[in-house]
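Undergrad: Here are the chains, one letter per residue:
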Amino acid sequence: MNELSPKKLTAKDFATDQEVRWCPGCGDYAILKAVQKTLADIEADPANTVFISGIGCSSRFPYYMATYGFHTIHGRAPAFATGVKLANPDLDVWLVTGDGDGLSIGGNHMLHVLRRNLDLQILLFNNEIYGLTKGQYSPTSRPGTRSPSSPTGSVESSLNPAAFALGSGARFIARTIDTDQKRMPGVLARAHAHKGASFVEIFQNCIVFNDAIFADFTDKAVAADRQIFLEHGQPVTFGKESQFGIRRTPGDLTLEVVNLEEQGLTTDDLLVHDETDHLLATMLVNVSGTEGFPVVLGVICCNPGESYDTQVSTQVEAAQEAKPNADMKELLYAGSTWEVS
Amino acid sequence: MNELSPKKLTAKDFATDQEVRWCPGCGDYAILKAVQKTLADIEADPANTVFISGIGCSSRFPYYMATYGFHTIHGRAPAFATGVKLANPDLDVWLVTGDGDGLSIGGNHMLHVLRRNLDLQILLFNNEIYGLTKGQYSPTSRPGTRSPSSPTGSVESSLNPAAFALGSGARFIARTIDTDQKRMPGVLARAHAHKGASFVEIFQNCIVFNDAIFADFTDKAVAADRQIFLEHGQPVTFGKESQFGIRRTPGDLTLEVVNLEEQGLTTDDLLVHDETDHLLATMLVNVSGTEGFPVVLGVICCNPGESYDTQVSTQVEAAQEAKPNADMKELLYAGSTWEVS
Amino acid sequence: MATNLAQSQASDGSDQIASSVDSELESVVIRFAGDSGDGMQLTGTQFTHSTALMGTDLATFPDFPAEIRAPAGTTFGVSAYQINFGARKVMTAGDEPDVLVAMNPAALKVNLDALKPGGTVVVDTGSFGARNLTKAGYDENPLESGDLSPFNVIELDISKMTLESVKEFGLSNKEALRSKNMWTLGLMLWMYGRQRSSVVDWLRGKFAKRPEVADANIAALNAGHAFGETAELSGDLGQRTVGKAEVQPGVYRTITGAESLALGLVAGSKLADLNIMLGSYPITPASTLLHQLANLKQHGVVTFQAEDEIAAICAAIGASFAGSLGVTSSSGPGIALKTEAIGLAISTELPLVIVNSQRGGPSTGLPTKTEQSDLYQAVYGRNGDAPIPVIAASAPGECFFAAIEAVRIATKYMTPMILLTDGYLANAAEPWPIPDFDTLEPFPVSFVEANQEDFRAFRRDETTLGRNWAIPGTPGLEHRIGGIEKDYDSGNISYAADNHQRMTDLRAAKIEALGRDIPEQGIEQGDATGKVAVVGWGSTYGPIYRAVEMARAEGLEVSQIHVRHIWPLPSNMEELLSGFDHVMVPEMNNGQFATILRDQFLIDTFNVNQVNGQPFKVSDLVARIKELA
Amino acid sequence: MATNLAQSQASDGSDQIASSVDSELESVVIRFAGDSGDGMQLTGTQFTHSTALMGTDLATFPDFPAEIRAPAGTTFGVSAYQINFGARKVMTAGDEPDVLVAMNPAALKVNLDALKPGGTVVVDTGSFGARNLTKAGYDENPLESGDLSPFNVIELDISKMTLESVKEFGLSNKEALRSKNMWTLGLMLWMYGRQRSSVVDWLRGKFAKRPEVADANIAALNAGHAFGETAELSGDLGQRTVGKAEVQPGVYRTITGAESLALGLVAGSKLADLNIMLGSYPITPASTLLHQLANLKQHGVVTFQAEDEIAAICAAIGASFAGSLGVTSSSGPGIALKTEAIGLAISTELPLVIVNSQRGGPSTGLPTKTEQSDLYQAVYGRNGDAPIPVIAASAPGECFFAAIEAVRIATKYMTPMILLTDGYLANAAEPWPIPDFDTLEPFPVSFVEANQEDFRAFRRDETTLGRNWAIPGTPGLEHRIGGIEKDYDSGNISYAADNHQRMTDLRAAKIEALGRDIPEQGIEQGDATGKVAVVGWGSTYGPIYRAVEMARAEGLEVSQIHVRHIWPLPSNMEELLSGFDHVMVPEMNNGQFATILRDQFLIDTFNVNQVNGQPFKVSDLVARIKELA
Ligand SMILES: Cc1ncc(C[n+]2csc(CCOP(=O)(O)OP(=O)(O)O)c2C)c(N)n1
Ligand SMILES: Cc1ncc(C[n+]2csc(CCOP(=O)(O)OP(=O)(O)O)c2C)c(N)n1
Ligand code: SF4
Ligand code: SF4
Ligand SMILES: [Mg+2]
Ligand SMILES: [Mg+2]
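Here the protein sequences line up with chains A, B, C and D, keeping their order.
Quick note: the first sequence, position 263, residue 262 per numbering that gives the first Met the number 0, numbers continuous.
Quick note: the second sequence, position 167, residue 166 per numbering that gives the first Met the number 0, numbers continuous.
Quick note: the third sequence, position 310, residue 309 per numbering that gives the first Met the number 0, numbers continuous.
Quick note: the fourth sequence, position 389, residue 388 per numbering that gives the first Met the number 0, numbers continuous.
Extracted from the complex, chain A is given alone in its bound form:
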């Protein structure tokens, strides 16, 4: 810990002197602001914090954080993060990636870092497009997306990042929106508090190549009716007057949207969010945003388990305790030896 800076840091203290190089109006600016605020809120130590990214517009992020940072190569950030944590588990690691970086070329590392449950925060900036390479469709782009590489429309199904993460064994899943400055720092703080791999999908607007792709649920006019912000232990409601809710379809293994007043129901009839329930999380992210269903935001799943780096350290420490005098000489002389004189 940095003993020389006892003074409480503000969001501004986490900004670097580097000029920010995103397109004017890009959603990345808002995320940067929220992350800087989060670090101030959680009283992060800049010396102990490392931002690691791959390649993409989003992956420029580390340059703008006054912490340690590593802008690596395309898709491999989770692997670098793993090495950093194995070398020094005390470091606080944040990973910034995009839908192309993290789910196209980097899908495998994403899978395995989640499966292993390395202790870090993964921020996936999902703008459903390759920004940096000028607008080709990505694995999260919707079928039919016209782009330079799909002039007659993409014919690929889009990946649901949260469902993929859950299938990969993720234990913390959350979602937020670039412009949601009010709630994003809270979600990020939760991700940080979770010891293990925390996967946060951030809906991010690429104003140049995919403008307004999330407008159907982020526009102010529709936001209240098209977004659910989950809270653990709370009944799941939404709408301007919390007039809607989600409940288990009676007698079926599904969820349904209800109108409390119209259907004469109370919040007691509603699903109570249980963030420790992996299967409920899977259900929620699968129905999220489908016909008639709002988009599910907030902490969807938080079901901690021991982290990979902790377990590795434990084994190393155990070995060191078991052989406290392990030195080079002992090692060189291990096994049978003989002397020639």
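To be clear, the hints were calculated from the coordinates, so they are not data collected in a lab.
What you are looking at is a predicted structure, and each value in this text was computed from that prediction instead of being measured.
Hints may contain errors.
Computed Cβ-Cβ distance ranges for the label pairs, DEER-style [claimed, not checked]:
| hint | chain 1 | residue 1 | chain 2 | residue 2 | range |
| --- | --- | --- | --- | --- | --- |
| 1 | B | E305 | A | T313 | 47 to 57 Å |
| 2 | B | G304 | A | A214 | 20 to 30 Å |
| 3 | D | N140 | C | S445 | 46 to 56 Å |
Beta carbons: idealized from backbone N, C-alpha and C, even for Gly.
Fit chains B, C and D with the ligands to the supplied structure of chain A, relying on the hints for placement.
TA: What follows is chains B, C and D with the ligands alone, placed relative to chain A:
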């Protein structure tokens, strides 16, 4: 189609003259037999059939099939298969891979071939170990597995291949066991009949490095009580006398095991398997084999959608129809030209 | 491409003529520079197009930032487009611009150094406010500080005049200002007597769905043009005439390297009688080829945007296995990822064209800058003894022919092969005499026919050593291949020591066989013996051509040799080089091709290396030639 | 390693002595061959161990099939282990065995060709049934056909005698037969007068949980030994004495290259005062290093079995960034996958040791065979101008010192570096004088200290040009690095043309600086000038040593130069080579190191290339030397 061989082929006709090079007693032999029988059953045309594999003991498979075959490089078989199908969508492609090949180094290609829904059959030989490289733990190895690379026990969580496949958007998921010669051909034939990516996990015994790892549900003595073989539209029962069943836990979003007689229930009270239900499939593969739950086998999910290769062909054909006279000259002269004389 | 035109030369050693004569110029270099958002690339392209349509020869150099759209007004957000056009063969985009159009202070700051002394600067004073000056890092307004005194400065409030010209269309201020580039283009078109009609057509097409935007842009274009015509600006802003080039008769179009490459691959596939399956993953500056080919489905082209570069090449190899022409394309870091799979294609002897659009390295390097530093990777960069043919394209239009040659080699020799281009070639444009496709020699492949008795997958042609290509779907030829060493005949796995030696020798012999099948190395300019041979490859063709031409004009005994076949080298190469006292090898890398020449022929080379992301300057090359000749 | 021992030589040009003398032999080569399931590797290892314990010098060559456990009785499932041991310095495992132990017909079939004329064959007749003969592809029983007449054949029903010896332990027939190898080992130990005690200890340890199995194996071992002692087999099966070697005094152990490499890396990390973080993905023959290091957690070693080779190297780079010694290890195809990331390590100037255990290529190639064909990949195989130091280990025990040198270079020069070993080195064993760790010079790294005023991540040491290493967790040094070109001072992104040139030059200068810091190239044997210099690198050390020694014994004017520092080359290399009329370069590849020598020094080389998965034969090398000397 091969017009010269109207005679019906037998399983033997699908064997090559190459000496089979697996360890004596390896589960791969049984799978080979079942696949050869399946091809005979479905009257496959050897000339039109291609087996593609990566690297591993399992990936030696193509050498033993009297069809076209490509033993490629580690983890990349899905990508080769994609190229084959895009070049010639009429070919019938089978992909053989292992838990290391398909889920460790090849996890990303697996994800994307499933997401795109390329029309092929994927046979994942899961022996929960790296066979060919002499027994290191794999992504499906259970935590604590001792192996040359984890002498004090692996500290990684194991991946559930079927759950991962579902999270990746797979539309056909099935499971079978190497020794189950009776039911495997039926499962494989179903996979073949499904147009799109069919993912079949085969529990395979590696007698040398991971012997009997599946014995707790494959041993004859326990098989009936520890396996569920799903049938679409049928109530889910198991046990020697079908005395057990699965039902939805009343009032909860979970499944539970019941003893029909003891609990005074009938098959009408049980869950009826619906293979088109993606979410039910996710539930089933997640509870499968956990405390008190048998292992779920058979066709778990079959919910077809248009395949990637078909859609690509459709676009190419549409372009060709729209410009039936597209020739090189037209192409060279496209755009503005001027003449210098 | 290399035609010997006798002509007068600029004295400063560059591929351009000083603009001292006002009325009739032989060639002019203009650089348009502005914010990324100012549309300078479009302006440049449209100017190029109008110029080309008039039968003027030209070469261009687009130079843009890595950022998609950097914040307005910053120096790192400046985007530039340079064009050299003239009444004679133009080989480069010019060392130093005669005219710099600077749309804001940052553009001025970044580009002023390049301007030739006495050159003309056109600035938009409307963008020289305090905010923009600060952003550009100017403490003082350069228009007032005297910094510009060595130049002819033309100060115009382009912003204001643009707003004025489009006000009738009711656009927002922001939107209206977007037409600044068209106003400027109008002025420049007037200045050099080019037509506006092609620009108008293009605007109508581009904004078909927003006719008011098209109208505004056209109005701005016309206003700029009219300003030139009506404003009483003599001398500095007078109209110049640039003569027509003496170019060969024929039908022309403008073409960039990426376009020409796409056309060449399609042409090659037609000559080979195959469909193309391109597996690719976006990466700068290679993506353009993917974009181009994605639009050519009507020619039987299938494009696969893979999840990564590895999947891209593996899919291409799979497609070749199944009987298509597999093609994959990327740039340095992406090619690096393909290394393992290239080894498989070599081992299984399947045809494959691998296009590398080189960019600044190592690692991510300078993605939008040009470089030739992936030659080592191409020739040597694999595990095992894994030889592979490598050729390099040298000019935008020539990419077409290089691509055809690549397809020919890959299919005839059943081998993967690497075609090197670079960021400069990909983006640079030139007028291109459209070739007559019917005169090109076809080289159709023949797949093994069904039910051959005694078929063996690894039997091969005795001359080319290319093996049998038998594709899935063919009855009776079922066989299996893979990356483990194969029996030289059946293709079955073989661990035999002798067989491995035999196959290793065979893979080397295949390359030697190809060496006997490629054209002898010619000489671009100069005699077959002499003092200095300047040996180049790739996109340095233009600057080297001009430099050698100038040196020769001064009477120096120097010849130009430009190599397309990097590996194997043409069979007469050693003899050719032995005829010169000095072999100078200019490369935009640290001497990679020189390594090959030195190893192969044990000749000393004089390496001229520049690794700064920029093409060579003609004047620099001339100076280096003088050191030797 | 190279000690000049005057000694008599076998006339057939090999590193062994004909077994013509019955009582006291100078050296003997035995090859144990059997089914993969017969435990030949264990037999060989145990024989080696017992032999080494007696102070006899030795070298071994394990050669096993790619299959894990091929079906019993097949030729492709034959596994062999060769040992050369003797009363003098032993440099190779021997060209041809004096004694072949063949546990079944397939083993006989595969190995008989290698046996020296007049050599001895020990066969287990119990396994020469019709089924096994057919599986091995024998139409006729070779024991009856006369095929073996050139040899001394010792026919023993080892199977039956083994069953007999273990019958008291109540094992199944199948299990009992597993002890055949111990019976055979017992016999061979008796024959060469070695002790059984170390084998007994090992069996007790290995089967600690199944004492009945240990007992059975020990019984078989003793029975084989007793058989030799009691059976009245004179001559052919008499006891031989192999004298002690005149080896340097000291404490010894046997060591394989993989073991020695692991120890060297740990030693290097201790000398550098760092912890190791190895990122690796299993691959033959590199996995052993992962296995070795996974067992050394008590030395602060962390091992990460990554999901693939890319993740493995990226994690290692991440660990270096965070202040560990990042190490990654693989073989050809896996190294290929690491190419892109190596570029990043070069660009970010982080220390990293990349170990390549070479195997037969290209592509999957021959995974269990040895080769030196990844040198091009190591020196040249990257995009961009991306130089990296490369060194090669030459013998099992020497891997220890090569590894230390690798760690020294990587940390001192802040650079990734490649250490080449190969399949032969990884598996071969030799007696090793255990070095005194305390005499090794430490080279502790110093991280930048907290809160430095005016800290710049890319400032560097003036001599080594190694940059500042400032690690996360250190207050006041927060900074960001990446793969885009960096400002030469601050390390911030820089697209400036001049800066890119400067950084490119700097990366090249770093390699030159290292060139001044490595030892001058020495001469292993012979004079500093002469007719022929035999220049080798890597695991060919042994055969080349013996070949040069023999040629010199015949009076030829030949010297041996063995290069550890492949890139950069030692500074005196050019001068050294210029002192010879001929430079012969033997390589187990198609001439890759020769390319470097030719390019660097413009000298002609006489390349001796063998690419068949096997080490050179001494006799072959001698013959090639004679062509020149
Ligand atoms: C190995 C490699 N392949 C390809 C690229 C080119 N590339 C850079 S970023 C990118 C995609 C970026 O998309 P995403 O991750 O969604 O980030 P965004 O720009 O949208 O924030 C690609 C394909 C590269 N830099 N390196
Ligand atoms: C690029 C590359 N990395 C590593 C290897 C080594 N390798 C071969 S197979 C294998 C794992 C095999 O495991 P799995 O896929 O589960 O197959 P199994 O042998 O168990 O059937 C590995 C690591 C390789 N051949 N190529
Ligand atoms: S291209 Fe899109 S994602 Fe990238 S900086 Fe611009 S707006 Fe943002
Ligand atoms: S190692 Fe295991 S998986 Fe491989 S062939 Fe042997 S038994 Fe089968
Ligand atoms: Mg994106
Ligand atoms: Mg496996």
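Undergrad: Taking 20 to 30 Å as the hint, is the beta-carbon distance of G304(B) and A214(A) inside that range?
TA: 27 Å, holds
Undergrad: Quick one: are E305(B) and T313(A) within 47 to 57 Å, going by C-beta?
TA: 49 Å, holds
Undergrad: Is 46 to 56 Å right for how far apart the beta carbons of N140(D) and S445(C) are?
TA: 49 Å, holds
Hint compliance for this structure: no hint is broken.
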